[in-house]
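Next come the chains, spelled out residue by residue.
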Amino acid sequence: MKHDENKSNAMTRAGLSDAIQERYGSVLGLPKHRYIDVVDGFFEEICTRLAQGEDVKISSFGSFLVNQKSSRIGRNPKTGKEAEIVKRKVVTFRPSHHLKSRVNVKKG
Amino acid sequence: MTRSELVHKLALRFPDISEDHMERIVALIFDEISGSLAKKNRAEFRNFGAFSVRHRKGRVGRNPRTGAAVKVEEKDIPFFKCGRSLLSSLNQWKS
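These protein sequence lines are chains B and G, in that order. Just so we're aligned, residue 1 is where the first sequence starts under this note's numbering, counting upward by one. Just so we're aligned, residue 1 is where the second sequence starts under this note's numbering, counting upward by one.
No lab work stands behind these hints, which were simulated from the structure alone. It is possible that part of the hints are untrue.
[Unchecked claim] Ranges of calculated distance between the beta carbons of each label pair, as one might list FRET restraints:
hint: 1; chain 1: B; residue 1: Ser63; chain 2: G; residue 2: Gly61; range: 35 to 43 Å
hint: 2; chain 1: B; residue 1: Pro31; chain 2: G; residue 2: Lys71; range: 51 to 59 Å
hint: 3; chain 1: B; residue 1: Ala83; chain 2: G; residue 2: Gly61; range: 21 to 29 Å
hint: 4; chain 1: B; residue 1: Ser26; chain 2: G; residue 2: Gly61; range: 45 to 53 Å
hint: 5; chain 1: B; residue 1: Gly25; chain 2: G; residue 2: Asp76; range: 31 to 39 Å
hint: 6; chain 1: B; residue 1: Leu65; chain 2: G; residue 2: Glu74; range: 19 to 27 Å
hint: 7; chain 1: G; residue 1: Ser88; chain 2: B; residue 2: Lys78; range: 44 to 52 Å
hint: 8; chain 1: G; residue 1: Arg62; chain 2: B; residue 2: Ser26; range: 52 to 60 Å
hint: 9; chain 1: G; residue 1: Trp93; chain 2: B; residue 2: Ser63; range: 34 to 42 Å
[Unchecked claim] Facing chain B, according to a computed beta carbon distance under 8 Å, are these residues of chain G, among others:
hint: 10; residue: Lys9
hint: 11; residue: Glu32
hint: 12; residue: Val60
hint: 13; residue: Thr66
hint: 14; residue: Lys75
[Said to hold, decoys possible] Result set (BS3-like, lysine-lysine): computed pairs, CA atoms no more than 30 Å apart in a straight line:
hint: 15; chain 1: G; residue 1: Lys75; chain 2: G; residue 2: Lys39
hint: 16; chain 1: B; residue 1: Lys57; chain 2: G; residue 2: Lys9
hint: 17; chain 1: G; residue 1: Lys81; chain 2: G; residue 2: Lys39
hint: 18; chain 1: G; residue 1: Lys81; chain 2: B; residue 2: Lys81
hint: 19; chain 1: B; residue 1: Lys69; chain 2: B; residue 2: Lys57
hint: 20; chain 1: B; residue 1: Lys57; chain 2: B; residue 2: Lys78
hint: 21; chain 1: B; residue 1: Lys32; chain 2: G; residue 2: Lys57
hint: 22; chain 1: G; residue 1: Lys81; chain 2: G; residue 2: Lys57
hint: 23; chain 1: B; residue 1: Lys89; chain 2: G; residue 2: Lys9
hint: 24; chain 1: G; residue 1: Lys39; chain 2: B; residue 2: Lys32
hint: 25; chain 1: G; residue 1: Lys71; chain 2: G; residue 2: Lys39
hint: 26; chain 1: G; residue 1: Lys57; chain 2: B; residue 2: Lys100
hint: 27; chain 1: B; residue 1: Lys81; chain 2: B; residue 2: Lys69
hint: 28; chain 1: G; residue 1: Lys40; chain 2: B; residue 2: Lys32
hint: 29; chain 1: G; residue 1: Lys81; chain 2: G; residue 2: Lys9
hint: 30; chain 1: G; residue 1: Lys81; chain 2: B; residue 2: Lys57
hint: 31; chain 1: G; residue 1: Lys81; chain 2: B; residue 2: Lys78
hint: 32; chain 1: B; residue 1: Lys100; chain 2: G; residue 2: Lys75
hint: 33; chain 1: B; residue 1: Lys57; chain 2: B; residue 2: Lys100
hint: 34; chain 1: B; residue 1: Lys89; chain 2: G; residue 2: Lys71
hint: 35; chain 1: B; residue 1: Lys57; chain 2: G; residue 2: Lys39
hint: 36; chain 1: B; residue 1: Lys69; chain 2: B; residue 2: Lys32
Virtual Cβ for every residue (Gly too), placed ideally from N, Cα, C.
All chains, please: the whole structure from these sequences, using the hints.
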């Protein structure tokens, strides 16, 4: 693994482009930066669609859903002061059953 | 947008990679993220968001139809936190 200096073991963009190069580098024979471009393009395409208010549904992974939240009165937890939370759009992720079962391996 | 539309869009954007290869690359990306979560590791992507695993305690739930108490086992679930820059573009905020 090239990114084992990453102590937290968290997957990152660099980890993804390394994985692509490792698996398909010999077939595709592209320079390293090209795999980084693909990973960046991948997230850009998803973000663009979500920004247009469109849901992104990936089979056997999950769905990214755009939800409209209405404005409400919240409280600053530090000062206790009331403040209006403006209406906004948020993205929620609904994991697929496949992903849920991969994450939650039943014991015993 | 679906997985196949995403593959198609990316193939148009990267003419040096065939649609067939792009399909496998996209599958690999989702598989790497899933695999990382299966190992209880986080997956963090700048300007997009972060996937993590959250623990849910066991609880006593109810069958909504019969009202009977049902024991719900503790479990780990995948969680996604949207990044600041994605949130800004969603709402056309100046970041």
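Evaluation of the provided hints:
For B:Ser63 and G:Gly61, the Cβ-Cβ distance of about 24 Å falls outside the hinted range of 35 to 43 Å, so the restraint is violated. Between B:Pro31 and G:Lys71 the beta carbon distance is about 55 Å. The supplied range of 51 to 59 Å therefore holds. B:Ala83 and G:Gly61 have their C-beta atoms about 35 Å apart, which leaves the hinted 21 to 29 Å range violated. Hint check: B:Ser26 to G:Gly61, Cβ distance near 51 Å, so the stated range 45 to 53 Å holds.
Taking 31 to 39 Å as the suggested C-beta distance range, the pair B:Gly25 and G:Asp76 conforms, at roughly 33 Å. Taking 19 to 27 Å as the suggested C-beta distance range, the pair B:Leu65 and G:Glu74 conforms, at roughly 26 Å. With their beta carbons about 23 Å apart, G:Ser88 and B:Lys78 fall outside the hinted range of 44 to 52 Å. Judged by the Cβ atoms, the range 52 to 60 Å given for G:Arg62 and B:Ser26 holds: they are separated by roughly 55 Å.
Checked against the given bound of 34 to 42 Å, the beta carbons of G:Trp93 and B:Ser63, roughly 24 Å apart, lie outside it. Given hint, G:Lys9 at the interface with chain B, holds; its Cβ is 5 Å from that chain's nearest Cβ, closer than 8 Å. The criterion of a C-beta within 8 Å of any C-beta in chain B is met by G:Glu32, whose closest approach is roughly 5 Å, and the hint holds. Here the hint on G:Val60 is broken, as its CB sits about 19 Å from the closest CB of chain B, past 8 Å.
The interface hint given for G:Thr66 is violated, since its Cβ lies 24 Å from the closest Cβ of chain B, which is over the 8 Å cut-off. Against a cut-off of 8 Å between C-beta atoms, the interface hint on G:Lys75 holds, since the closest Cβ of chain B lies about 5 Å away. In summary, the hint linking G:Lys75 to G:Lys39 is supported, as the alpha carbons are separated by about 14 Å, within the 30 Å threshold. With a C-alpha separation of about 15 Å, the suggested pair B:Lys57 and G:Lys9 falls inside the 30 Å cut-off, and the hint holds.
The suggested pairing of G:Lys81 with G:Lys39 holds, with an alpha-carbon distance near 18 Å, which does not exceed 30 Å. A distance of roughly 26 Å separates the Cα atoms of G:Lys81 and B:Lys81; the hinted pair therefore holds under the 30 Å criterion. A hinted pair counts as satisfied when its Cα atoms are at most 30 Å apart, and B:Lys69 with B:Lys57 qualifies at roughly 20 Å. This hinted pair does not check out: B:Lys57 and B:Lys78 have alpha carbons roughly 37 Å apart, beyond 30 Å.
Our distance criterion of 30 Å between C-alpha atoms is broken by B:Lys32 and G:Lys57, whose separation comes to about 43 Å. Pair hint G:Lys81 plus G:Lys57 holds up; C-alpha atoms about 20 Å apart against a cutoff of 30 Å. This hinted pair checks out: B:Lys89 and G:Lys9 have alpha carbons roughly 24 Å apart, not beyond 30 Å. Taken as a hint, the G:Lys39 and B:Lys32 pair is honoured in the structure, with Cα atoms around 27 Å apart against an allowance of 30 Å.
Restraint check for G:Lys71 and G:Lys39: satisfied, since their Cα atoms lie roughly 26 Å apart, inside the 30 Å limit. Of the pairs offered as hints, the one joining G:Lys57 and B:Lys100 holds, with about 16 Å between alpha carbons and a cut-off of 30 Å not exceeded. With a CA separation close to 21 Å, the supplied pair B:Lys81 and B:Lys69 stays within the 30 Å bound. For the given pair, G:Lys40 sits about 28 Å from B:Lys32 by alpha-carbon distance, which is consistent with the 30 Å threshold.
For the hint pairing G:Lys81 with G:Lys9, the CA-to-CA distance comes to about 25 Å; that is within 30 Å, so the pair holds. A threshold of 30 Å between alpha carbons decides the hint, and for G:Lys81 with B:Lys57 the separation of about 17 Å falls inside it, so the pair holds. As the CA atoms of G:Lys81 and B:Lys78 are separated by approximately 22 Å, the hinted pair is consistent with the 30 Å bound. Restraint check for B:Lys100 and G:Lys75: satisfied, since their Cα atoms lie roughly 10 Å apart, inside the 30 Å limit.
For the given pair, B:Lys57 sits about 15 Å from B:Lys100 by alpha-carbon distance, which is consistent with the 30 Å threshold. Between B:Lys89 and G:Lys71, the direct Cα distance comes to roughly 35 Å. Violation of the 30 Å bound is thereby established for this hinted pair. As the CA atoms of B:Lys57 and G:Lys39 are separated by approximately 24 Å, the hinted pair is consistent with the 30 Å bound. Our distance criterion of 30 Å between C-alpha atoms is broken by B:Lys69 and B:Lys32, whose separation comes to about 41 Å.
Hints 1, 3, 7, 9, 12, 13, 20, 21, 34, 36, counting from the list given before, are not met by this structure.
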